[in-house]
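Residue numbers (my numbering), protein chains in the order written: chain A, 1 to 316; chain B, 1 to 469.
One should not assume that every hint holds.
[Said to hold, decoys possible] Facing chain B, according to a computed beta carbon distance under 7 Å, are these residues of chain A, among others:
no.	residue
1	R107
2	H125
3	F174
4	P225
5	C268
[Unchecked claim] If you anchor each label on the Cβ, the simulated ranges turn out as follows:
no.	chain 1	residue 1	chain 2	residue 2	range
6	B	D185	A	D55	34 to 44 Å
7	A	C33	B	M51	25 to 35 Å
8	B	V100	A	L81	50 to 60 Å
9	A	R298	B	D401	20 to 30 Å
10	A	G36	B	E422	40 to 50 Å
11	A	D47	B	A80	25 to 35 Å
12	B	H40	A	G110	16 to 26 Å
13	B	A85	A	D45	48 to 58 Å
In case anyone wonders, no lab produced these hints; they're calculated from the structure.
Just so it is clear, CB atoms sit at the ideal spot from N, CA and C, and this is done for glycine as well.
Letter by letter, the chains look like this.
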Amino acid sequence: MSDLGHVLVLAGGLSPEREVSLRSGARLRDALCEIGVDADIADADADLIPAITTDPPSAIFPAIHGASGEDGSIQEVLTLLGVPYVGAPPDACRFAFDKPVAKAIARSAGLATPPSVTLPREIFHDLGAAAVLDRITVTLSLPLFVKPARGGSALGASRVGRAEDLPGAMISCFAYGDTALIEHCMPGTEVAVGVIDLGSGPEALPAVEIRPLSGSYDYAARYTPGQTEFHVPARLSRAEAQAAASAAVTAHRALGLRDLSRTDLIVCGGEVFFLEANVAPGLTETSTLPMALEAAGRSLGTVCRDLLSQAAARGT
Amino acid sequence: MLTEPARLGHADHNGRAAPTPAETGDAAHPASHGSLVDAHAGRYAARAAGMVASEIRALFAVAARPEIVSLAGGMPYITALPLDAVGEMAGQLVAQRGPVALQYGSAQGDPALREGICEVMELEGIHAHPDEVVVTVGSQQALDLISRIFVDPGDVILAEGPSYVGALGTFTSYQARVVHVPMDDDGLIPAALEECIARLASQRQRVKFLYTVPSFHNPAGVTLSAERRAEVLRICQRADLLIVEDNPYGLLGFDGEPQRALYADDPHSVVYLGSFSKTIAPGLRVGWAVAPPGIRDKLVLAAEAAVLCHSSLAQLMIGEYLANQPWREQVKVFRELYRERRDTMVEALSAVMPEGCRWTRPAGGFYVWLQLPPGLDAKLMLPRAISSRVAYVPGTGFYADGTGADYLRLSYCFPEPARIREGVRRLAEVVGAEAEICATFGAMSRAGGGPAGASPADLTGPAGGFTQP
Numbered sequence: 001m002s003d004l005g006h007v008l009v010l011a012g013g014l015s016p017e018r019e020v021s022l023r024s025g026a027r028l029r030d031a032l033c034e035i036g037v038d039a040d041i042a043d044a045d046a047d048l049i050p051a052i053t054t055d056p057p058s059a060i061f062p063a064i065h066g067a068s069g070e071d072g073s074i075q076e077v078l079t080l081l082g083v084p085y086v087g088a089p090p091d092a093c094r095f096a097f098d099k100p101v102a103k104a105i106a107r108s109a110g111l112a113t114p115p116s117v118t119l120p121r122e123i124f125h126d127l128g129a130a131a132v133l134d135r136i137t138v139t140l141s142l143p144l145f146v147k148p149a150r151g152g153s154a155l156g157a158s159r160v161g162r163a164e165d166l167p168g169a170m171i172s173c174f175a176y177g178d179t180a181l182i183e184h185c186m187p188g189t190e191v192a193v194g195v196i197d198l199g200s201g202p203e204a205l206p207a208v209e210i211r212p213l214s215g216s217y218d219y220a221a222r223y224t225p226g227q228t229e230f231h232v233p234a235r236l237s238r239a240e241a242q243a244a245a246s247a248a249v250t251a252h253r254a255l256g257l258r259d260l261s262r263t264d265l266i267v268c269g270g271e272v273f274f275l276e277a278n279v280a281p282g283l284t285e286t287s288t289l290p291m292a293l294e295a296a297g298r299s300l301g302t303v304c305r306d307l308l309s310q311a312a313a314r315g316t
Numbered sequence: 001m002l003t004e005p006a007r008l009g010h011a012d013h014n015g016r017a018a019p020t021p022a023e024t025g026d027a028a029h030p031a032s033h034g035s036l037v038d039a040h041a042g043r044y045a046a047r048a049a050g051m052v053a054s055e056i057r058a059l060f061a062v063a064a065r066p067e068i069v070s071l072a073g074g075m076p077y078i079t080a081l082p083l084d085a086v087g088e089m090a091g092q093l094v095a096q097r098g099p100v101a102l103q104y105g106s107a108q109g110d111p112a113l114r115e116g117i118c119e120v121m122e123l124e125g126i127h128a129h130p131d132e133v134v135v136t137v138g139s140q141q142a143l144d145l146i147s148r149i150f151v152d153p154g155d156v157i158l159a160e161g162p163s164y165v166g167a168l169g170t171f172t173s174y175q176a177r178v179v180h181v182p183m184d185d186d187g188l189i190p191a192a193l194e195e196c197i198a199r200l201a202s203q204r205q206r207v208k209f210l211y212t213v214p215s216f217h218n219p220a221g222v223t224l225s226a227e228r229r230a231e232v233l234r235i236c237q238r239a240d241l242l243i244v245e246d247n248p249y250g251l252l253g254f255d256g257e258p259q260r261a262l263y264a265d266d267p268h269s270v271v272y273l274g275s276f277s278k279t280i281a282p283g284l285r286v287g288w289a290v291a292p293p294g295i296r297d298k299l300v301l302a303a304e305a306a307v308l309c310h311s312s313l314a315q316l317m318i319g320e321y322l323a324n325q326p327w328r329e330q331v332k333v334f335r336e337l338y339r340e341r342r343d344t345m346v347e348a349l350s351a352v353m354p355e356g357c358r359w360t361r362p363a364g365g366f367y368v369w370l371q372l373p374p375g376l377d378a379k380l381m382l383p384r385a386i387s388s389r390v391a392y393v394p395g396t397g398f399y400a401d402g403t404g405a406d407y408l409r410l411s412y413c414f415p416e417p418a419r420i421r422e423g424v425r426r427l428a429e430v431v432g433a434e435a436e437i438c439a440t441f442g443a444m445s446r447a448g449g450g451p452a453g454a455s456p457a458d459l460t461g462p463a464g465g466f467t468q469p
């Protein structure tokens, strides 16, 4: 057994990404157990705090996706409980989880991001949806990408190629949250770049290129094996690959992230555009971070064990 | 671990014409090969194409948590069973009849159980011989077997609109084309059935059977009236059309005696499907089919090919339960319990639902079918409901043609009355908030429709109609 002691993988939660999180958590727990780590899974429910206080783990690996897992809530509670955990501290989670905020921070750090607007639902009600949407369409130009300002797994997100489809996309988006981020949909190669920091500074993993067979990287394309073609490393030029790696590390630093993250980018005409950063990247069989680790010659279990050890040594 | 990647070369699935840097020699890395993660991706049958992860399933994974008031699932309230007595019975069964209970059996099913089934069906006017009965793994397997022996790809199956989602899934997995026949408060509309049969005949469409849930319909909650039963039988006889009568809720009526089954009046052209899932326990997975001899023989052979035989233990448990437990009284207990929950749900809906909602008042079974105010889409609204900690089933799942977006199914069978009231209260708030969003965007969205599957057809709603009580 590892000298790390008992660790907990947090998975589940009550966001729509619960199922994905359970799969991520199970895979991580198995990877840790395979290399001798004493790892268990726990859900973020009423049993969690009694379990932690009764038998405090050496460290916790939050693998809860979506709200509570990525918006800093769980991290805040773990800090209150004085339990070391892997990943970004609460403030950084809050910045990263809020896509418009993350874009603004990324821009301040010198990264390009697709042109966008962020608006709450009330503004459409108060000013008239038609007028606001018309202006958005003219200013950003089609195609657009509409997504909830907070959330993941493309839930509530849609690509809009025709102006008449925009209202429906807004209704779908607002079912997941009260604020919408509407971006110009950049053409180009979609890549995900994992970043890990095992003590010697953040390091980018090989970029993973994502090519959904349907053309849309929606929920089905993300979580159904066979629906998306992944290229690891991404088929980028040397300069593009370096720019993508650099952008991911820049975003990781600028957002104040820690241990690991995944940044989603579009590479277009040699230029790299920041889309969003994730503090609890998916670890399912169709998730890109484990693919990138494998391409880098690292194992998921070993890296995550080292991150847990690092967190345990760091304390809270 | 990742599966062995499928090697795809550089096939461009997104229609991008430009060569990749790898192909132009400017790559950072040697040319990488794409992986679809699933090494068998190219081998699946065409009918597996629709078997993909979905947002709705993701949301239902949350709905199963106790924090959510789930008005979605149709789970019987098993806690009301005399579990101690059932447990004791199961123990004795294994101890005393283990060599039979744990052995293979026949594909047609245990003879003693089939006698018991005939006794149960007498309550609905069916006088069948045990030889006419085929035991199945829940009535769901009967649907599969019937599809297996009757449906060629492209064949038409008529079904009520809406129809049971599990049947639609089975029919479409056999590549049937389901054509819906509208319903109203008295069930399937005979004139619409007649018109539909004539239309399909004029189009030379091959209709294999009418699938119907005549009593306490899932999801619509309505029951085919006695007059209409006779009429539907007449229409199908005239058209030489087989009827598949799915009747899992028949004994769970809240008023008076059970309705007479269609099969009781025409055993030559009706296949009757029954189930113990709602009257005893779904975990035992025991249902049955009663069919004319030719069909019965094929069902037995199809069952043999599918499962060899059914669980002997589960069959003997049901047989023992019917023989030695007061099952008629237990059904009464369920009826009273579900009646109270139906009353609770309908009263709560009347008290809090926003204007513009309509719903059925079921006289039995598990479900209320609710129509949202114009413009609302139950599937698009579901994430908001889950965030508000209440769940339901969106209506589109009960139609094979993409309609039903403005409907949702509520079940009252499992939650305690206080939870039902709380769930309906939360739902009312969700509908109110969604109506506000639709008032903002809805009128504009008619032309397009949402990206989550709401095509223009989704917004038109099904034909037929139900009235608010």
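Against the structure, the hints come out as follows:
1. R107: Result: violated, 26 Å to nearest chain B Cβ.
2. H125: holds (5 Å)
3. F174: Constraint on A:F174 satisfied, holds at 5 Å.
4. P225: holds (3 Å)
5. C268: violated (11 Å)
6. B:D185 - A:D55: 34 to 44 Å: violated (58 Å)
7. A:C33 - B:M51: 25 to 35 Å: holds (30 Å)
8. B:V100 - A:L81: 50 to 60 Å: holds (56 Å)
9. A:R298 - B:D401: 20 to 30 Å: Since A:R298 and B:D401 have Cβ atoms about 50 Å apart, the given range 20 to 30 Å is violated.
10. A:G36 - B:E422: 40 to 50 Å: holds (46 Å)
11. A:D47 - B:A80: 25 to 35 Å: holds (27 Å)
12. B:H40 - A:G110: 16 to 26 Å: violated (44 Å)
13. B:A85 - A:D45: 48 to 58 Å: violated (34 Å)
Violation of the numbered hints given earlier is confined to hints 1, 5, 6, 9, 12 and 13; the remaining hints are satisfied by the structure.
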